[in-house]
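A.B. asks: Chains as they are written, first to last, in my numbering: chain B, 962 to 1666; chain A, 42 to 229; chain S, 730 to 980.
Keep in mind the hints are simulated off the structure, nothing from the lab. Be aware that one or more of the hints could be misleading.
Taking beta-carbon pairs under 10 Å as the criterion, some of the chain B residues facing chain S (in silico) [as the list claims (entries may be wrong)]:
id: 1; residue: 1233
id: 2; residue: 1237
id: 3; residue: 1240
id: 4; residue: 1245
id: 5; residue: 1266
id: 6; residue: 1268
id: 7; residue: 1272
id: 8; residue: 1291
id: 9; residue: 1295
A short, non-exhaustive set of chain S residues, derived as facing chain B with CB atoms under 10 Å [unchecked claim]:
id: 10; residue: 817
id: 11; residue: 836
id: 12; residue: 864
Below are the SDA-like pairs computed for lysine to any residue, each with C-alpha atoms no more than 20 Å apart in a straight line [stated by the list, open to error]:
id: 13; chain 1: B; residue 1: 1608; chain 2: A; residue 2: 90
id: 14; chain 1: B; residue 1: 1317; chain 2: A; residue 2: 55
id: 15; chain 1: B; residue 1: 1311; chain 2: A; residue 2: 200
id: 16; chain 1: B; residue 1: 1317; chain 2: A; residue 2: 154
id: 17; chain 1: B; residue 1: 1601; chain 2: A; residue 2: 154
id: 18; chain 1: B; residue 1: 1317; chain 2: A; residue 2: 225
id: 19; chain 1: B; residue 1: 1179; chain 2: S; residue 2: 913
id: 20; chain 1: B; residue 1: 1184; chain 2: S; residue 2: 814
id: 21; chain 1: B; residue 1: 1476; chain 2: B; residue 2: 1542
id: 22; chain 1: B; residue 1: 1230; chain 2: S; residue 2: 930
id: 23; chain 1: B; residue 1: 1311; chain 2: A; residue 2: 199
id: 24; chain 1: B; residue 1: 1230; chain 2: S; residue 2: 913
id: 25; chain 1: B; residue 1: 1608; chain 2: A; residue 2: 196
id: 26; chain 1: B; residue 1: 1317; chain 2: A; residue 2: 161
id: 27; chain 1: B; residue 1: 1095; chain 2: B; residue 2: 1184
id: 28; chain 1: B; residue 1: 1184; chain 2: S; residue 2: 930
id: 29; chain 1: B; residue 1: 1475; chain 2: A; residue 2: 154
id: 30; chain 1: B; residue 1: 1230; chain 2: S; residue 2: 835
id: 31; chain 1: B; residue 1: 1187; chain 2: B; residue 2: 1540
id: 32; chain 1: B; residue 1: 1608; chain 2: A; residue 2: 225
id: 33; chain 1: B; residue 1: 1317; chain 2: A; residue 2: 209
id: 34; chain 1: B; residue 1: 1187; chain 2: S; residue 2: 814
id: 35; chain 1: B; residue 1: 1187; chain 2: S; residue 2: 938
Glycine included, each C-beta is placed from N, C-alpha and C at the ideal position.
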Amino acid sequence: MAASRGGFAGKVLRVDLSTGKIGVQDTIERYEAVLGGAGLGYRVLWDEVPAGTGPFDAANKLVFAAGALVGTSVPCNGRTTITTIFPTCWPRPLVGSGHMGGHFAAKLKYAGYDALIVEGKADRPVWLMIRDAKVEIRDAGHLWGSGIRRTTLELSQEMGPDCVVAAIGQAGESQAPMGMVINSVSHSAGGVGGVMGAKNLKAVAVQGSGAVRIAGDKAEWEKLVKFHLSILGANNQHVVPSFPTPQAEYYNPASRWVGQPGRRWGAAKPPVELTGDIHDLSRIVYRTNSAAFFLGEEAWKYTVRGNGCTACPIRCHTMLRVPSVTVKYGIPDMAQNTCIALQFGRMFFKGLMAGKGGEAAIEACMVGMHLADDMGVWSNYGQLQRDLRKLYEGGYLKARLGSKEYASIPWDKYDRNDPAFLLDLVPRIANRQGELGDVLSRGTGAIFDTWSIPESDWADDHSTTYWKMGHPKHHANEDDGQCGVIINTQYNRDAQCHSHTNFVRNGLPLAVQKKLATDIWGSPDALDAPGDYTPANPYKARRAKWSLMRKELHDALGVCNWMGPWVASPRWERGYAGDDSLESKFLSLATGRPMDREELDRAGERIFTLHRALTIRDMGQVDMRAGHDTVPPWVFEDAKGAAPFTKGTIRMDRADIGRAMDFFYEAMGWDTATGAPGKARYAALGLADVGEGLAAAGLVPQDGK
Amino acid sequence: MSAGDAPDLGKAIVEAVREASAEARLVGADEVVERLRARGFGECLDTEPEVDPCRRVEALLSGLPEIASLASLSGRAVYHDPALLSRTYARILDRKGVTALLMAEEIRANSRDYPRPVPVELFEAPPFDLAPEAIEAAFKAMAASEEFRDIAFTTTSQGTVYLFSSLHLERDYATFLAEQDETFSMNP
Amino acid sequence: MIRDVPSEWIERAAQASGLEAELSRRGFLKLSVCALSGLALLGLGDAFGANAPLVILDNAKGVILADPTRCVGCQRCELACTEFNDGRAQPSLSRIKIARAVNFGPGGPTGGDAMHGDWGDGLIVQGVCRQCPHPVPCATACPQNAIKDDPQTGARVVDPAACVGCRLCQRACPWDMLSFDEQAGVATKCFLCHGRPKCVEACPAAALRYVPWRDLTRDGGMLRSGLSAPSPENAKACLDCHVPAGKTAVK
């Protein structure tokens, strides 16, 4: 019987907020082919949400999905993928996913569900209570208007201290496309907060007491978990430390493995000195300190500890205590986050961008985290901040905002790099107050629409890092040449793919990387040194495909693509190899159904192709190559006029990128003229119904390939 | 010494070197002999008084695949177990005290292998632990010496100094890589 | 109470070592020369005859020590406990308890400055079994005498064959460290993984250590006052040491 599989919780929970109907479905029966996470979300959207549905329509669905490995001790699981018609996608909303870590995904599994599908729209503010089999829609009138912190506290008082609350703040309530949902203090999914708000859903609180069963031999499982731990590096799978250690042959000053003897968590009480062998598995958490990596050495003294998702030993959400901000800005002295969300506040200010930033940048980060992670405002991978800078510095705001509104904004503080500016700006965005607040709350596309600014003003300007469709680049040519470009053409939001960048930035010498590349992708030419790019070739396209498939797989299994894949390792005795089959080994043992790497990668391809199909369907056009997979002009330029393929430029060549796309479409088995899959390709991936549906709508390539 | 003693002695030598490597120390044959004596192998070492125990230990060391030898700056061979003390770290240890050479060789290796320039701050942190004055003095020494004429620096737009070797990196490329390295925090 | 143990008891205890198999079969105390409390008990056991229950367990050999300032709330210990021992990932079954303290700490969502956990001051106070000395609250409360000491480690362990799932042990523990295996219908608790605790090995922050036993029950406050009442049958044995005021000690 299907339900006897391990790994999966076995059920999908459906809640219709319009009717109040609550029901469950069998996961394996309905969704095994797409595994879970993003795959399950895409399938629900394909089956149930018609083309043309708007993000805030009651007909849009919101799919919170964990994956088969979530809730286990597989390192770096704990991811929830939230799939919906994505509101910041411009000029037309299309399928997209927000991703959050924290403890929500694991709790959902322990409660007995692989996914939660939210449908319809409540007629008043509600929250959803999930306690194992007991599920209720409860009134949230008393919570409406509250920030995420207060909402979480009050719901925890009602449900018990160890529930996990995923809530929206004021931004989500006001149906801001830039709204986020947040669980466990700092773990946010961008773009979907407003969709929750449109459904009048303030929060989902989950309590789960059940188990995720490991179907395979438990000793084998334990062995595999320990092996995985042994090939972990630090955050982003940087496999060498940023400093020479006796145990390591290699190091890289740019590595996120910054923890070393002599450093300490200075704000722990009492402080925790980093001692002993930092390579030891009992010290993995001390390798990563996101605050120290992004903000510099000063951050160590403010560090309370690392924090992060269920079962993850990396702890990339560094917890900081900075007493001065309470006095200066009247905000709590503690905050935690990682990467862009850690730097939410700092990135608005031109004067705080230099280097690691130091003390002033740390304070701005504290103010930013306090506001963004309580009101639930998303940064769109820093595009919000870059947009404001360009709007202000480029004189757009002065020209377009009414003079009264313009004068009401404390620009003097902004000019002084005073973080207090954020105390004015961020609530404007969250509450969609005034024209500036409203436009910024709707994302970059709203800037073009509202103020009649041509998209090319952004797309031509490298400093915006704008890519397309209202979203920025995310590890593109600056990191990984054509491979990065291909990946950035494929999504309807910023490409949240890290498979490629985690490899090229892993810190190993180029020769070692090329050796590993030969083993995995068939040629040392599958990657170049950064800024020393060679023309496109099929191996780079193969690596781009692999990167995308693994990203989709990770989002489907609930494993972190910010950490994975694990094809490189810190272990010299392995020649620094990781394990390209790790995901399939884990899934096989968890479910009890053996699945090899090739079969699992095919599932990843199926999921990714479903994303493609949804995009084609909702755009109503088959020519993805010209209509979707576009590259901004700045990619083909260089500030100093350097020619493509000369050392020291990330400038790409148009014709060469055309060839790179050809290679990629060929690797995918797609029509190279349109970049669209044919009926046969859909069928080969077990998506015959999808292919037929698109064919009936005239949305497969002409030659029927 | 009977024929059966050699493997035992070999094993003890490996242990002695490993012990030092675990302490992040390089050892010469003489120190290995000392450590062997401390382990009660003195009699075994002195069975043939005409043979210098150091020579014997050296001969045995050369046949031990798990132990690596390094020609130290002093000219003598030193030993380490690369599983506990990497080649890179061993070289750094060996060059400590010869600041200009230490820095130059580290800069060259980075430029050659990864390839990348390195921020000057690298040398202020462990295991280098060089004071800014010592670094400055080393730069002056390098500038005055033909031996180090490949060592160059580039300053990023944010004012950080990165070092590279012109033997392995062109200036423009080094500048690009330095700029990229410094902006990683804005490219998470 | 056990300071003036009569020499004849020690002699009797020495003789009694021949009865070790018999004693173990009943889940009674295993003799150890340094276990004076045990010696006292043997005297009692003898006095009450072969069927009298023995409610004193020798002290455990080891205990898991947890440092909250190092804990990062990853729950890898909870998962190692249940996956590697039970073949399922289930924090609610775990014999080390982190999930309950991750958000707000042991005090719960009170708000205010004293709140711990991710939403408070960041401190995560791990829940670990103290492997209590006599009187062991969970063992004392068990009407089935199903909680015994492990011969190897001295850990107080639930014998699943004897446990009937009444949950009185859960109510008895002042630190709320008993888990209930809903699938098997029996209680479960920390058994120190036979001397190699999986949780300790799994901690990526070196926040857990397995150390020689010491009495942690006197450290800090309890989570709650446990409801640990001995069964009437056991209570009779208690009275032989816990002498009512004005009466003389057992002969």
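A.B. asks: Hint by hint, say whether it matches the structure.
C.D. replies: Here is what the structure says about each hint:
{"no.": "1", "hint": "1233", "verdict": "holds, 6 Å"}
{"no.": "2", "hint": "1237", "verdict": "holds, 8 Å"}
{"no.": "3", "hint": "1240", "verdict": "violated, 12 Å"}
{"no.": "4", "hint": "1245", "verdict": "holds, 4 Å"}
{"no.": "5", "hint": "1266", "verdict": "holds, 6 Å"}
{"no.": "6", "hint": "1268", "verdict": "holds, 6 Å"}
{"no.": "7", "hint": "1272", "verdict": "holds, 6 Å"}
{"no.": "8", "hint": "1291", "verdict": "violated, 16 Å"}
{"no.": "9", "hint": "1295", "verdict": "holds, 7 Å"}
{"no.": "10", "hint": "817", "verdict": "holds, 4 Å"}
{"no.": "11", "hint": "836", "verdict": "holds, 9 Å"}
{"no.": "12", "hint": "864", "verdict": "violated, 29 Å"}
{"no.": "13", "hint": "B/1608 - A/90", "verdict": "violated, 63 Å"}
{"no.": "14", "hint": "B/1317 - A/55", "verdict": "violated, 45 Å"}
{"no.": "15", "hint": "B/1311 - A/200", "verdict": "holds, 16 Å"}
{"no.": "16", "hint": "B/1317 - A/154", "verdict": "violated, 26 Å"}
{"no.": "17", "hint": "B/1601 - A/154", "verdict": "violated, 27 Å"}
{"no.": "18", "hint": "B/1317 - A/225", "verdict": "holds, 9 Å"}
{"no.": "19", "hint": "B/1179 - S/913", "verdict": "holds, 18 Å"}
{"no.": "20", "hint": "B/1184 - S/814", "verdict": "holds, 13 Å"}
{"no.": "21", "hint": "B/1476 - B/1542", "verdict": "holds, 18 Å"}
{"no.": "22", "hint": "B/1230 - S/930", "verdict": "violated, 24 Å"}
{"no.": "23", "hint": "B/1311 - A/199", "verdict": "holds, 12 Å"}
{"no.": "24", "hint": "B/1230 - S/913", "verdict": "violated, 41 Å"}
{"no.": "25", "hint": "B/1608 - A/196", "verdict": "holds, 18 Å"}
{"no.": "26", "hint": "B/1317 - A/161", "verdict": "holds, 15 Å"}
{"no.": "27", "hint": "B/1095 - B/1184", "verdict": "violated, 36 Å"}
{"no.": "28", "hint": "B/1184 - S/930", "verdict": "holds, 13 Å"}
{"no.": "29", "hint": "B/1475 - A/154", "verdict": "holds, 12 Å"}
{"no.": "30", "hint": "B/1230 - S/835", "verdict": "holds, 18 Å"}
{"no.": "31", "hint": "B/1187 - B/1540", "verdict": "holds, 13 Å"}
{"no.": "32", "hint": "B/1608 - A/225", "verdict": "holds, 19 Å"}
{"no.": "33", "hint": "B/1317 - A/209", "verdict": "violated, 28 Å"}
{"no.": "34", "hint": "B/1187 - S/814", "verdict": "holds, 15 Å"}
{"no.": "35", "hint": "B/1187 - S/938", "verdict": "holds, 19 Å"}
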